[in-house]
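J.: As given, the protein sequences belong to chains F and G, one line each in that order. Residue numbering for the first sequence follows my numbering, beginning at 504 and increasing consecutively. Residue numbering for the second sequence follows my numbering, beginning at 196 and increasing consecutively.
One should not assume that every hint holds.
Under the rule of at most 25 Å between Cα atoms (straight-line distance), these lysine to aspartate or glutamate pairs were calculated in the DMTMM-like manner [to be verified]:
(1) G:K593 x F:D654
(2) F:K590 x G:E408
(3) G:K593 x F:D661
(4) G:K581 x F:E613
(5) G:K593 x F:E670
(6) F:K600 x F:E689
(7) G:K593 x F:E666
(8) F:K607 x G:D572
(9) F:K583 x F:D602
(10) F:K607 x G:E408
(11) G:K593 x F:D602
Which residues of chain F face chain G? A partial, calculated answer using Cβ under 8 Å [what the hints assert, rightly or not]:
(12) N506
(13) S509
(14) V512
(15) F521
(16) S527
(17) F571
(18) K590
(19) A660
Everything labelled a hint here was simulated from the structure, so no lab data went into it. Fair warning: this is a prediction, and the values are worked out from it, not measured in the lab. Virtual Cβ for every residue (Gly too), placed ideally from N, Cα, C.
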Amino acid sequence: MNNRQSWNVITLFLLMIFGMSVISLITPKRSFSETENRTLASFPEVKGEDILSGKFEQGYEEYLTDQFPWRDWWISLKTKAEKTILKKDIHDVYLAKDDYLIEKHTGVFEADRADNNVMALASFAGSMSERFGAEHTSVMIVPNAVDILKDKLPAFADPYDEELYLEKAANAMPEGVWFDTSAILEQHKDEYIYYRTDHHWTTPAASYVFAAWAREKLGETIGEGYFFSQELSDDFQGTIASRTGITSISDVLTWYRPAGSDRIKVTYPSSGAERDGVLDRDKLSVRDQYGVFFGGNYDLVRIETDASSGRRLLMFKDSYAHCFAPMLTGLFDRIDMVDLRYYGGDINELIGECEPTDILFLYNAAGFAEDAGVARLTSYEGVQ
Amino acid sequence: MIFSSLLFLFRFLPIVLVLYYVFPRRLRNLVLFIVSIIFYAWGEPVYILLMLVSILITWSGGLAVDHFLRLGRRGTAKVCLIVSVTAALSLLFFFKYANFVLRTVSSLSGRPIKLLALALPIGISFYTFQTISYIIDVYRGDASVQRNIISYGAYVTMFPQLIAGPIVQYRTIDEQLRSRQETAAEFAQGVNRFIIGLGKKVLLANSAGALWEGIRGTAWQSVPMVNAWIGIAAFTFQIYFDFSAYSDMAIGLGHMFGFRFLENFDHPYESKSVTEFWRRWHISLGTWFREYVYIPLGGNRRGTAVLIRNLMIVWLLTGIWHGADWNFLIWGLYYGILLMIEKLFLSDLLKKLPGWTRRIYCMIIVMFGWFIFSASDIAEPIGYLKAMFGMGAGFAGKGTVYLLYTNAVLFAVLIVGSTTLPMRAAGRLLDKVKESDALCVLLRFAFYIAVFVLSLAYLVDASYNPFLYFRF
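Whenever a hint applies, use it, and build me the whole structure from the sequences.
T.: Here it is in structure tokens:
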């Protein structure tokens, strides 16, 4: 390098580091990332002890990374670079065929919690089955896309086989309560049963399972005319899209409900809030549109219907149940949905209060294996 | 603080550059000293005191050694030397090895011993070795005494090399500490080196590391042999690109402040023997042990028995320098024995073989060495070892093909990147267009911007950006 070249190089370097420094100082700070659907770090509190312990420094670095200008652009640039060098998985997500983004769930099913949750659920389901009868108790653990959509995975991809875990769970459950959803979804695997950009199953997928379950457990035939369906959004970009920074794919979000009944009251006992109907349409204008069902995750959601069936359902669930629950409103007078991740109350009292005729567990496999709340089931008095 | 972070690039470095260049020359060592302390204190403020104590001990030790040498009292100077080196080593021993000794005693005696609640001060092995090199250099007359504690403090704490080397021998920068000329040519060279280092760390080392992390996190019973070796290969590249990248960035930053540190890595994976590998890997550490341990012990000049003893001492020390754990001792011993075998007879034999077989021989030894080195990061190292010999999940599986084709490009870049090829190609290209400044600048700009922008993308999406030398 001669002198002129040197000065050019120095100028470029100083422009890059000083330029980005200044831009990052003047960029307005954000408290929430719509794309990633999470709260971004804010400037940490300046406290003597935090500086000495290194907590402040760590907080500041998180703040700097989270608030870096054009954050979303950088993340999608990285994803593009990874794709260019033929990477087929990014952040534990497969870049699968037909524009599918499919979570791998690496390590989830090998963790101790995965087995502990099966045991906790098995003994609780045993107590429920004794109390309400096996025909009124159902356990559904729905396989994730990585299991059902195997054909769409990149060539030679070799993720953990969820069926092994589901088989273990099925065998652990008391007689007559396990409801196999894998076989049903398997029959429809060429249809649109999982979102391309989100970790949930689609509403049609839930409807197949619902119809089969209602026939088997409730003796109800769900015919063509049972449902009223409506498209809610065609630009849904879910949690997996956020994680990978891929914004070129969108999903269609639909809603199924019984064609007849529409008078539904939804209450949230912990806050006292109420809503007519199951939808929170405001959520369609935010990034995570899946929240349109019931407004997102709550500890306890109560649905009252005018079905006059004499049935009452207590459901332990994760968000896979959110598109499923509206379909139930034609068959049950009252549905109580408990999310064990957030529910802090006493399960015995809850059962006493709801007076259910039927009990349903509805989880997705990875969510169930990872759920820290399932262990609370052991607090039920019938379980030691 | 680590170089490959937004904090360093867009807060620390710009401020330091401004401060360094707005102050007059005579204050620049002071600036370096102060900002280096802040650099070190970031995240670990308490241990600054330890570092300052260490500086004070060895600085006054140096003064005393010099004082008695001037008086012609070599014996007393030697006592001062021994006292201050022992003091510096005791701090290192206490903070780095005390718990290791306690754990060993406890497991041998079967009695539980309460461990000391000590975190290992980052960089302590690096700066302790620098302080020792200073006193010995002064004692030997290889360097003159540094009366200015600011300049000495700047030498020990200098942030470019503070936490991951290279280990700068005092005499190599004695002159530069007293008077140095920062020039545009040198600064530009520093930029070049720094950006190369940044790219190596963020784009190459971290990608290789993420691959290794995934494989070592899998239960060994389900790891086929090929996968196990892909994992070790990934770690082999991770540690090289990571470590040499830190040295590149250190050398580059040094240039920006007018310092010329010696090279620390010289494409070690091109070596044709283990002996050659260690001449090209972490050169500053090898030099340190050679000059301050191996040669004083008599090196190879006093017969085979002493040679063997010396090799074993040096390599056990080298091993344990890398971390207070058994696997590092075994790793050191492993290289001690291999180097001894090469010295005694194997190198003569090797010379008769074609170059590529010698390279393969060397790489297999090195890769296996990295397995031992990383054993404390593997949940079940013995299981992993079994997997490496096909006793995990057979030879290969469906997942092997997946690993191979999704990482083929990465490995190609890693392999080519660890040879001298990119450097030579770039040299030839720039030589071809050297008549045109504009073209040279254009090529350089394209490269720097591409590496810088991509590195930023990987840093902002900071899922994996480890610091590997917290054990050193």
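J.: Now, for every hint given, state plainly whether the structure supports it.
T.: Results for each hint:
1. G:K593 x F:D654: Since the Cα atoms of K593 of chain G and D654 of chain F sit roughly 14 Å apart, the hinted pair holds (cutoff 25 Å).
2. F:K590 x G:E408: Satisfied, since the Cα-Cα distance of roughly 16 Å is no more than 25 Å.
3. G:K593 x F:D661: holds, 6 Å
4. G:K581 x F:E613: Holds - the C-alpha atoms of E613 of chain F and K581 of chain G are around 20 Å apart, at most 25 Å.
5. G:K593 x F:E670: holds, 22 Å
6. F:K600 x F:E689: Distance of about 17 Å is within 25 Å: holds.
7. G:K593 x F:E666: At roughly 18 Å apart (the allowed maximum being 25 Å), E666 of chain F and K593 of chain G satisfy the hint.
8. F:K607 x G:D572: holds, 23 Å
9. F:K583 x F:D602: holds, 14 Å
10. F:K607 x G:E408: Holds: K607 of chain F and E408 of chain G sit about 16 Å apart, inside 25 Å.
11. G:K593 x F:D602: holds, 23 Å
12. N506: holds, 6 Å
13. S509: holds, 4 Å
14. V512: holds, 4 Å
15. F521: Holds - the Cβ of F521 of chain F comes within 8 Å of chain G, reaching about 5 Å at its closest.
16. S527: Cβ of S527 of chain F sits 6 Å from chain G, so the hint holds.
17. F571: holds, 5 Å
18. K590: Nearest chain G Cβ about 6 Å off; hint holds.
19. A660: holds, 5 Å
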